[in-house]
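Q: Given only the sequences and the hints, what does the whole structure look like? Please build it.
Numbering (the working numbering), first residue to last: 13 to 487.
Just to be clear, a hint being listed does not mean it is correct.
Below, a list of computed lysine-lysine pairs in the DSBU-like style, where the Cα atoms sit at most 30 Å apart [as the list claims (entries may be wrong)]: (1) K475 - K169; (2) K221 - K209; (3) K77 - K322; (4) K271 - K209; (5) K418 - K430; (6) K349 - K322; (7) K322 - K146; (8) K349 - K146; (9) K349 - K221; (10) K349 - K77; (11) K209 - K59; (12) K349 - K106; (13) K322 - K221; (14) K106 - K146; (15) K69 - K209; (16) K77 - K59; (17) K209 - K430; (18) K271 - K349; (19) K467 - K398; (20) K221 - K335; (21) K398 - K418; (22) K146 - K335; (23) K271 - K77; (24) K106 - K77; (25) K398 - K430; (26) K209 - K418; (27) K349 - K69; (28) K209 - K349; (29) K169 - K467.
Pairwise CB distance ranges (calculated) [to be verified]: (30) E298 - E34: 30 to 38 Å; (31) G71 - A457: 41 to 49 Å; (32) D438 - T153: 31 to 39 Å; (33) V267 - E207: 32 to 40 Å; (34) R396 - V267: 47 to 55 Å.
Quick caveat, the hints were computed from the structure, so don't treat them as lab data. Just so it is clear, CB atoms sit at the ideal spot from N, CA and C, and this is done for glycine as well.
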Amino acid sequence: MAKPRPEQELNAIEAVVSTHPEGIGIQDIQDELEEEIARRTLQYHLKHLVDEGRLLKEGERRWTKYLSPAATKRQTKASKASGEELAGEVPLSKQAAGVQERVREPLHARKPVGYQRAFLDAYRPNDTTYLSAKEREHLRTVGTPTSGAQSAGTYVKQILNRLLIDLSWNSSRLEGNTYSLLDTKRLIDFGKLAEGKEQLEAQMILNHKEAIEFLTGSAEEIGFNRHTILNLHALLADNLLANPEASGCLRRIGVGIEKSVFHPLEVPQLIEECFDQVLATAEAIENPFEQAFFNMVQLPYLQPFDDVNKRVSRLAANIPLIKTNLAPLSFTDVPAKIYTEAMLGVYELNRIDLLKDVFIWAYERSAPRYAAVRQSLGEPDPFRWKHREALREIVQVVVLERLDKKATFSRIAAWAGKNVEAGQQDQFREVAENEVLGLHEGNFARYRIRPSQFKAWQETWNKPGNEQAAAMEHD
13 MAKPRPEQEL NAIEAVVSTH PEGIGIQDIQ DELEEEIARR TLQYHLKHLV
63 DEGRLLKEGE RRWTKYLSPA ATKRQTKASK ASGEELAGEV PLSKQAAGVQ
113 ERVREPLHAR KPVGYQRAFL DAYRPNDTTY LSAKEREHLR TVGTPTSGAQ
163 SAGTYVKQIL NRLLIDLSWN SSRLEGNTYS LLDTKRLIDF GKLAEGKEQL
213 EAQMILNHKE AIEFLTGSAE EIGFNRHTIL NLHALLADNL LANPEASGCL
263 RRIGVGIEKS VFHPLEVPQL IEECFDQVLA TAEAIENPFE QAFFNMVQLP
313 YLQPFDDVNK RVSRLAANIP LIKTNLAPLS FTDVPAKIYT EAMLGVYELN
363 RIDLLKDVFI WAYERSAPRY AAVRQSLGEP DPFRWKHREA LREIVQVVVL
413 ERLDKKATFS RIAAWAGKNV EAGQQDQFRE VAENEVLGLH EGNFARYRIR
463 PSQFKAWQET WNKPGNEQAA AMEHD
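A: Next comes the structure, spelled out in C-alpha cells:
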C-alpha cells in the first residue's frame, strides 16, 4: 500500500504558490518553504498537486511555473474588469491587444508592406512622443535610485556583475538561445560551456557581455552616434555573421524578416540616410525613456545591419539610462513570443502600442531588481554560515593548487559531489563559485591563505586569454 502524502507539506506548498498569481518556479518554491523539503520529494508533491487539480502547471523544463487556480481566476477577473487582458504575464491595453490580433493572422491574410520612411519623418524630437507624460513620469519614479547626483555610469557599475548576466541571458533568450540563467552565469564567470549546447549560443552570450562592458566602461562618451551603434553591432555580431566583414557596417544586401510580410529597404544609400536620421533624431530627444523607446522602435524597423538588429536596439535602449544613472533595462521575464509580436506590429503596421506595453512592463520588472541588489549588501546568509568550513576548504584548494577558471569550475563541481549532501550540491557550487570570483587582496586572509599563495594563484587566474580560451574549448 502506498504511503500517504503528508498533507501538511502539500498545504505548505499550496500556500507558497498562492502568493504568486503570476506563477512560481520550483527553486523559488523550495526557497520560500519554511520547512525544508528535498528536491525530489518536492517534485513528487508538485506532480501530485497538479494531478489533483490543486495547482496548475505552465511551461516545460526550466520554464515550468506553478499557479494556484483560485489566484489565477482572481487575476483574470481583475484584468478584464480594468479593460486589460493578459498575454503571458504582460497586461495589454485594448489597442495593444488589437495589434496582437492582427499580427497573429495567417501570413497569407496579411498585406505585404515595405519600409515607410514617413513613419520616421513624422517624428519630431521633444514634440512628437511615443510615451505619454504620465508614462514617462511613472518610469522615472520606478527607475530613479535613492542616491544623489553622480557621474554618468555610476549606478550601473555598482550592479554590473548582475546586469552582465541578466541582460546577456534575457537578450539572448529572446533570440531563441537555450542557455539557462545558471549556464549563462557560469559561462560569463568561468568561461564554462554548457553541455549539449552549440558553440554559437555561447558566442552570442559572450558577445553580449563584451557589448555591455563597452557601454558601461564608456558611459560618458556613448550616445546615439555612429561610433557607439556601429561598435555595439560589431561586438554583438562578432563571429556570428556569414560575412565577417559585415560586423559594424551598414547593410548593402537585401534581407527578409522570418514569418513576416514586411520587406525592409534594399537601397544602401537610403539605408545610410535613414540610419543617420534615426541617430540624429534619437540623440535630440531629451527624455531618457522616450529616447530608449524611440530607439527600440525605429532602429530594428530600419534593419540597418545584415543581422543582429534587435539585439543592438535592446542594448542601445540602455544608453540613456546608463548616462543618467537610471536603473537599466534587462528584459527580465519578457516572453519571447509577445516581444516578437510587438516587433511585427511595428514592422507591418507601424503600430507601437504592443511594444510600448512590453517596454513599460519590462522596465517595471527590471528596475526593482537592481534596487534590491544594491540594498542586499551585507545581509547574513544562513546557507553560507552552515557551509562556512566547507567553503573555506574548497577556496583554499582552488588557490593553493593555482587553478584557472575552467579547472576551478570542474574542481568545485567534483568536490561538492563528494562532500556536500545531494539536495544542496547545486546551491553550494554556485555559492563557492561566487566566493572564488569575489577573492581580492583585501579579503583572502579569511580563507587562511598567505599573500605569497594568493599572488601566485592570481598570476594563473588573470593570465591573458585564459577566459576566452576556456569559453571556446569543448569538453
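Q: None of the hints should be skipped; say for each whether it holds.
A: Against the structure, the hints:
Pair hint K475 plus K169 holds up; C-alpha atoms about 24 Å apart against a cutoff of 30 Å. This hinted pair checks out: K221 and K209 have alpha carbons roughly 18 Å apart, not beyond 30 Å. Only pairs whose Cα atoms come within 30 Å are accepted, and K77 paired with K322 is accepted, the gap being roughly 27 Å. Only pairs whose Cα atoms come within 30 Å are accepted, and K271 paired with K209 is accepted, the gap being roughly 25 Å.
A distance of roughly 19 Å separates the Cα atoms of K418 and K430; the hinted pair therefore holds under the 30 Å criterion. This hinted pair checks out: K349 and K322 have alpha carbons roughly 14 Å apart, not beyond 30 Å. Using a Cα cut-off of 30 Å, the hinted pair K322 and K146 holds, with the two alpha carbons roughly 27 Å apart. Pair hint K349 plus K146 holds up; C-alpha atoms about 27 Å apart against a cutoff of 30 Å.
With a C-alpha separation of about 24 Å, the suggested pairing of K349 with K221 holds against the 30 Å cut-off. Taken as a hint, the K349 and K77 pair is honoured in the structure, with Cα atoms around 17 Å apart against an allowance of 30 Å. Under the criterion of a C-alpha separation no larger than 30 Å, the hint pairing K209 with K59 is consistent with the structure, at around 28 Å. Between K349 and K106 the alpha-carbon distance is near 18 Å, which keeps this suggested pair within the 30 Å criterion.
A distance of roughly 16 Å separates the Cα atoms of K322 and K221; the hinted pair therefore holds under the 30 Å criterion. For the hint pairing K106 with K146, the CA-to-CA distance comes to about 18 Å; that is within 30 Å, so the pair holds. At roughly 26 Å between alpha-carbon atoms, K69 and K209 fall within 30 Å of each other, so this suggested pair holds. For a cut-off of 30 Å, the pair hint linking K77 to K59 stands: about 12 Å separates their Cα positions.
For the suggested pair K209 and K430, the alpha carbons sit about 26 Å apart, so the restraint of at most 30 Å is met. For the proposed pair K271 and K349, the alpha carbon gap of about 12 Å is at most 30 Å, so the pair holds. Between K467 and K398 the alpha-carbon distance is near 29 Å, which keeps this suggested pair within the 30 Å criterion. Between the alpha carbons of K221 and K335 the distance comes to roughly 18 Å, so the proposed pair stays at or under 30 Å and holds.
Distance restraint check for K398 and K418: the Cα-Cα separation of roughly 27 Å lies within the 30 Å cut-off, and the hinted pair is therefore satisfied. Pair hint K146 plus K335 holds up; C-alpha atoms about 22 Å apart against a cutoff of 30 Å. Among the hinted pairs, K271 with K77 is consistent with the structure: their alpha-carbon atoms are about 28 Å apart, no more than 30 Å. The hinted pair formed by K106 and K77 meets the criterion: a straight-line CA distance of about 27 Å does not exceed 30 Å.
For the given pair, K398 sits about 17 Å from K430 by alpha-carbon distance, which is consistent with the 30 Å threshold. Restraint check for K209 and K418: the C-alpha separation of about 17 Å stays at or below 30 Å, so the hint holds. Proximity of K349 to K69 is assessed by CA-CA distance (about 19 Å); at most 30 Å being required, the pair is judged to hold. Proposed proximity of K209 and K349 is supported: the alpha carbons are some 22 Å apart, at most 30 Å.
With a CA separation close to 26 Å, the supplied pair K169 and K467 stays within the 30 Å bound. Checked against the given bound of 30 to 38 Å, the beta carbons of E298 and E34, roughly 34 Å apart, stay inside it. For G71 paired with A457, a C-beta distance near 46 Å keeps the hint of 41 to 49 Å intact. Checked against the hint of 31 to 39 Å, the C-beta distance between D438 and T153 comes to roughly 37 Å, which is consistent with it.
V267 and E207 have their C-beta atoms about 34 Å apart, which keeps the hinted 32 to 40 Å range intact. At roughly 50 Å, the beta carbons of R396 and V267 sit within the given window of 47 to 55 Å.
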